[in-house]
Amino acid sequence: MLNFLKNHPFAVEAFFERSTVLTFAVPKQEITALIPECLTPDTFNDQWAFIAIAMVATRDLRPKGWPRWMGSDFLLVGYRAFVRYRNNAGKNLRGLYIFKSETNKQKMQIGGNIFTHYHYTTADITERSTSDTIHISSQQSGFNAGLSHASTEDISLPPDSPFATWKEARRFAGPLPFTFTYNPANQKVLIIEGVRQHWQPSPVKVLNYDFTFLKQLNVSAPVLASAFMVENIPYYWKKGKIEKWIGH
55 MLNFLKNHPF
65 AVEAFFERST
75 VLTFAVPKQE
85 ITALIPECLT
95 PDTFNDQWAF
105 IAIAMVATRD
115 LRPKGWPRWM
125 GSDFLLVGYR
135 AFVRYRNNAG
145 KNLRGLYIFK
155 SETNKQKMQI
165 GGNIFTHYHY
175 TTADITERST
185 SDTIHISSQQ
195 SGFNAGLSHA
205 STEDISLPPD
215 SPFATWKEAR
225 RFAGPLPFTF
235 TYNPANQKVL
245 IIEGVRQHWQ
255 PSPVKVLNYD
265 FTFLKQLNVS
275 APVLASAFMV
285 ENIPYYWKKG
295 KIEKWIGH
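The numbering used here puts the first residue of the sequence shown at 55, with every later residue one more than the last.
In case anyone wonders, no lab produced these hints; they're calculated from the structure.
Hints are supplied without guarantee of correctness; some may be wrong.
[Stated by the list, open to error] Below, simulated EDC-like cross-link-like pairs (lysine to aspartate or glutamate); rule was C-alpha separation at most 20 Å, straight line:
| # | residue 1 | residue 2 |
| --- | --- | --- |
| 1 | Lys118 | Glu71 |
| 2 | Lys118 | Glu67 |
| 3 | Lys154 | Asp178 |
| 4 | Lys259 | Glu71 |
| 5 | Lys298 | Glu91 |
| 6 | Lys269 | Asp214 |
| 7 | Lys161 | Glu67 |
| 8 | Lys295 | Glu91 |
| 9 | Lys161 | Glu181 |
| 10 | Lys242 | Glu71 |
| 11 | Lys221 | Asp100 |
| 12 | Lys154 | Glu247 |
| 13 | Lys292 | Glu247 |
| 14 | Lys259 | Glu181 |
| 15 | Lys60 | Glu297 |
| 16 | Lys161 | Asp178 |
| 17 | Lys259 | Asp214 |
| 18 | Lys154 | Asp264 |
| 19 | Lys82 | Glu222 |
| 20 | Lys242 | Glu297 |
Start from the sequences, fold in the hints, and give me the full structure.
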């Protein structure tokens, strides 16, 4: 019964007040070692694969169709890889593989771990904003990020980014249409589709960052490739679908 519940058995909706995503480039072979056998890295120039850290302020998160007053507000942090999955219909799906998730409230940790495989923990996540800066941090998790989103600022790509333009970088801005979970015991893939409208991420300048979990992944010198932000977006996730991976 519990295994069934973890497979995202119903649709969920929320309102994203703000979603900020920092994307890091690593050699593609290093991502291959971190993801399930059914997935392949989503690469750029057949050289770089990507890890994204998403920091999201959500409002009214609840089962889809429930009234807003029954929803809850959370700060969420997700660590994930950009991947591809070729399904049994032969379609090549772009999506995400979740390494770990964090939230600022135990309620979300409990619910998230009952209804998903996203490995939620609770941490002292805080977000402080001024007119042109945002600071997101957690002492317990050992991360902090300082960002500037002043509208008058001419923002350049990070100096060592593999991308030549922001247009290239937007392909890896997230979130992608699908999220994948794999059960190696029965070789079944859980596919969750996200639905959103008016998703137009804007570049942000990264003032500083430090993520302990990124270091724990043991990838060699991840390179900050881009940083994007969206605000005020309704979003929902469809009920999960499961298929047996037959290999290709």
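Comparing the hints with the structure gives:
Simply put, lysine 118 and glutamate 71 have alpha-carbon atoms about 18 Å apart, close enough for the 20 Å limit, and the pair holds. Taking the CA atoms of lysine 118 and glutamate 67, the gap is near 5 Å; set against the 20 Å cutoff, the hint holds. Simply put, lysine 154 and aspartate 178 have alpha-carbon atoms about 16 Å apart, close enough for the 20 Å limit, and the pair holds. Simply put, lysine 259 and glutamate 71 have alpha-carbon atoms about 19 Å apart, close enough for the 20 Å limit, and the pair holds.
For the hint linking lysine 298 to glutamate 91, the alpha-carbon distance of about 13 Å falls within 20 Å, and the restraint holds. With a C-alpha separation of about 18 Å, the suggested pair lysine 269 and aspartate 214 falls inside the 20 Å cut-off, and the hint holds. The straight-line distance between the Cα atoms of lysine 161 and glutamate 67 is roughly 16 Å, inside the 20 Å bound, and the hint therefore holds. This hinted pair checks out: lysine 295 and glutamate 91 have alpha carbons roughly 19 Å apart, not beyond 20 Å.
For the hint pairing lysine 161 with glutamate 181, the CA-to-CA distance comes to about 19 Å; that is within 20 Å, so the pair holds. For the given pair, lysine 242 sits about 34 Å from glutamate 71 by alpha-carbon distance, which is inconsistent with the 20 Å threshold. Distance hint between lysine 221 and aspartate 100 is fulfilled; the C-alpha atoms sit about 18 Å from each other, no more than 20 Å. With a C-alpha separation of about 18 Å, the suggested pair lysine 154 and glutamate 247 falls inside the 20 Å cut-off, and the hint holds.
In summary, the hint linking lysine 292 to glutamate 247 is supported, as the alpha carbons are separated by about 5 Å, within the 20 Å threshold. As the CA atoms of lysine 259 and glutamate 181 are separated by approximately 17 Å, the hinted pair is consistent with the 20 Å bound. As the CA atoms of lysine 60 and glutamate 297 are separated by approximately 15 Å, the hinted pair is consistent with the 20 Å bound. Between lysine 161 and aspartate 178 the CA atoms are separated by roughly 14 Å; this keeps the pair inside 20 Å, and the hint holds.
With a C-alpha separation of about 14 Å, the suggested pairing of lysine 259 with aspartate 214 holds against the 20 Å cut-off. With a CA separation close to 16 Å, the supplied pair lysine 154 and aspartate 264 stays within the 20 Å bound. Proposed proximity of lysine 82 and glutamate 222 is supported: the alpha carbons are some 17 Å apart, at most 20 Å. Between lysine 242 and glutamate 297, the direct Cα distance comes to roughly 6 Å. Compliance with the 20 Å bound is thereby established for this hinted pair.
Checked against the numbered hints listed earlier, the structure breaks hint 10 alone; every other hint is satisfied.
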